[in-house]
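J.: If you want the building blocks of each chain, they are given just below.
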Amino acid sequence: MIKVYLDNASTTPILPAVKEAMLPYLGEDFGNPSCIHSWGDVAREAVETAREQVAQLIGGNIEEIVFTSSGTESNNFAIKGLALAQQNKGKHVVVSAIEHFSVLHSAKTLEKWGFELTLVPVDKYGVVDPDDVRKSLRKDTVLVSIMHANNEVGTLEPIREIARITREHGVVLHTDAVATAGTVPVDIKDLGVDALSLAGNQFYGPKGAGALWVKRGVRIMPLLDGGVQEGGRRAGTENVPAIVGLGKAAELAKADMTRRTEHIARLRDRLLKELPARIEHVVVTGHPQDRIPGNASFCIEFIEGESMLMLLNSQGVAVTSGSACTSRALLASHVLIAMGLSHEIAQGSLLFSFGIDNTSADVEHVLEVMPPIVERLRQMSPLYSKFIKASKGGK
Amino acid sequence: MPAYSAKVMDHFMNPRNVGEIENPDGVGEVGNPVCGDMMTFYIKVQDNRLEDVKFKTFGCGAAIAVSSMVSEMAKGKTLDEAARITPKLVAEELEGLPKQKFHCSNLGAQALNKAIEDYRSKQKKVAGGKENERQKTRRR
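Quick note, the sequences are listed as chains A and B, same order. One rule links them: number in the numbering used here = place in the first sequence (from 1) + 518. One rule links them: number in the numbering used here = place in the second sequence (from 1) + 10.
Everything labelled a hint here was simulated from the structure, so no lab data went into it. All clues given are correct.
Distance condition first, Cα-Cα at most 20 angstroms in a straight line; then the derived DMTMM-like pairs of lysine to aspartate or glutamate:
{"hint": "1", "chain 1": "B", "residue 1": "54", "chain 2": "B", "residue 2": "39"}
{"hint": "2", "chain 1": "A", "residue 1": "907", "chain 2": "B", "residue 2": "30"}
{"hint": "3", "chain 1": "B", "residue 1": "64", "chain 2": "A", "residue 2": "893"}
{"hint": "4", "chain 1": "A", "residue 1": "904", "chain 2": "B", "residue 2": "35"}
{"hint": "5", "chain 1": "A", "residue 1": "904", "chain 2": "B", "residue 2": "39"}
{"hint": "6", "chain 1": "A", "residue 1": "910", "chain 2": "B", "residue 2": "32"}
{"hint": "7", "chain 1": "A", "residue 1": "904", "chain 2": "B", "residue 2": "32"}
{"hint": "8", "chain 1": "A", "residue 1": "904", "chain 2": "B", "residue 2": "30"}
{"hint": "9", "chain 1": "A", "residue 1": "907", "chain 2": "B", "residue 2": "32"}
{"hint": "10", "chain 1": "A", "residue 1": "907", "chain 2": "B", "residue 2": "39"}
One-sided and incomplete, this derived list gives chain B residues near chain A with beta-carbon spacing under 8 angstroms:
{"hint": "11", "residue": "23"}
{"hint": "12", "residue": "30"}
{"hint": "13", "residue": "44"}
Here a beta-carbon is modelled for each residue, glycine too, at the ideal position from N, C-alpha and C.
Isolated chain B, as found in the complex (with noise of 0.2 angstroms):
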């Protein structure tokens, strides 16, 4: 067994917000099961804030225990805070990974950013169609 932190066994024995977010807001998904990991992480936006942050991970014990970290970091934070959780910072929270681990299995903030960059594309889009529809009235 790698040696694993008592935080890292604590967020991997009890992992907090598993699960999936119904009519997520933005979804992230990184890495692929060749390398051996793979996140999926959900979020709900209200206000500009990380109402809701859920997590689906396959993964080592490492890959398990950052996600959770993460999903906790995350939550309640608005989404430029969110934002600036880094690998290092996720890895800090958990009192250390081991060194092999520290990149194959710290993709939890990878996840997160890419949830949050769902969610901003989207809202553009949504935007530009309201912009859109604007548009079409006043030239009717």
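This is chain A alone, in the form it adopts within the complex (with noise of 0.2 angstroms):
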């Protein structure tokens, strides 16, 4: 059977030279980074590399990269680290409706904690208003925190913009740049903010490393008390495979992002002009030029997400959905319905998020099996029959 991954939003696979890089670390060279002996030393040194590489893949300075073990600490870390270290200037964050739940979880975490939290909502297409940001701020507020792109819908903020904002209010600026960074150029100074998150398992590194920036000055809170690793920072043995698998990644990343971005996006975009023509009622969610280069999400209007997932997924095609019976929480997107989407359209999303290891065949293959799926399925479906009824009734 043919297989097709698009679910690389997930995670994307692990890349060869990645793999190589990591093994030694899972073999003899398994010593801990914080010992003074040659052992210590090796992974030390490996540690510091990855630092560098990933220093160099933003644009920041290597004792500015935290290493953490995910995007979701990465996150949690800045969102209640920054607030916490500058509680007593104000206890007032703002963040966006569409953040990904480790910031928004977070934010929502601070707020059990005495912390007032101000959500910025988003356009149609989930695009945030600076001004909106602006409006937002208030002599106590201490954190802003704006997503680079969003990771369900693909649309890219203006960071730029909202970086000019808080710099005027002397407020500092996290951006959760996890489906960016590896992605898409990501330079700390050009967007202009004070933090940002990044994960390797989303640009071909392993699961289990991810890095948070922090400009220096920046004051940060650790949660995770102990020792002095990363700095004093983040207390805890390094996973140090996993983190030298994060910088290999990283180093590539940079050095192929042009040629891996015109190739995932001549993909996406045929996908996304595509399959609305060959199906009806299919809604583009995401901004339409404005996006990240892999994603290419959908609304099947009259059928749910899960089941089309289970259809696609018996036809060799992994990809995921935001609706409610996908999700353990069983709510559809917030993501979605923030942007103004009815729950009815919202249980109907599909995010097919291409990888460089996508082909157009694999595009040719979805474009075949998708029509008689969303075929099947409506013929299924009680809220179809009555939209057809419905629009036979008014000729």
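Fit the two chains together into the complex; they arrive one by one in their own frames, and the hints show the way.
T.: The following block contains the structure:
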């Protein structure tokens, strides 16, 4: 059977060169980087090389990079750590309504700890209006966090404009760049942010390693207390193999970014254009142009995401959905709802996310198997038969 | 993908009795798209038995499998027997449903029951109508 992996937003495969780089640290080079002997030296050098590689990917300084276990940890660390470090200045934080749960739920935790939270809305494309950020700022605002691009609908946010505003007001700005770092050019000086999260498993590195970049001079409170690893900001023995893999993936991403982006965007563009041409009542979600190259997200009307996923899976195609039924929480995607889509339409959410291993044949396979799947589920759908009856009655 | 049993997968991949019945004797609709699942059951009754059962379902794999299973369990049963089909029995026949799916997607029995109630209330109206007719005739 043809197997087509189009779920790179969930995680990317590990590049062979990345795996090769990691292997010694799963074997003979097992040392603890904190130790003062040759095993420790080898491990420490490997971690510091990775730090250099990650710093170069985003244009930061090596001492500003803190390795974490994941994008989720980076975001938790940023939101809680940056807010807590400044709580003597104020207790108000601002995040967008479409942030990843690792930002959103961290902000809600801050609320439980006595902070006040403002959620900035988005328009129908999922774009934050910088003016709304400006309006949300108060004297006691200590942190703004707006994602660089949304992981579900791919929309890129106007971070530069938002950074100008937060700088004017002297408020710390964090951006969740998990969906962008290693995929599109991300330069912290160009963006003008104070902190940035990234994760290696989004750009062909392993799971288990992420990073938070925090600008020199910006205070952050550690989440994990213990030893003085990561400059005292994140205790715990480093996940050396994963960090090495993250570093190698960062180096390769930087070197190969243009070619990757062109390849991925070309495939994505074909699906984005062809799927709505071949199937009626398909809504493209996210911004028409300002979106990350691999993202093709849709809502297929009158049917539900999980049943589509299951039928696609039976045709060898792996994708994801923001429908209520696919989430463990049984809630439709907060991103789609914040963009003003009805629950009914959000239930038909489908996200295809492309990666460097995908080919034109993959897109053609999807375009071939999708119409009959949609047709089959629509023939079963009471919403569709109501729609058909209503439109016939109207004529 | 949730861990679905082979039986659930079979009913999802090859659902039985999908469709609508023209001039049905009863219709039952449950759920709404907000919670994710919507089911409509159509029944045809002959001599107090479910001669035909069909459904249309908007929802996840479990919702579709549940609908299919309920239609299969109900077909040919008397109304009283069919009304005794419970979500628990449906889940058992499907060799189990994932925990989080049990409540939201297991609406088939409820939809079938609504269709039976719909049929019975129509019958009462018809019977009541006939009774009125008779009384009118008598008065005349």
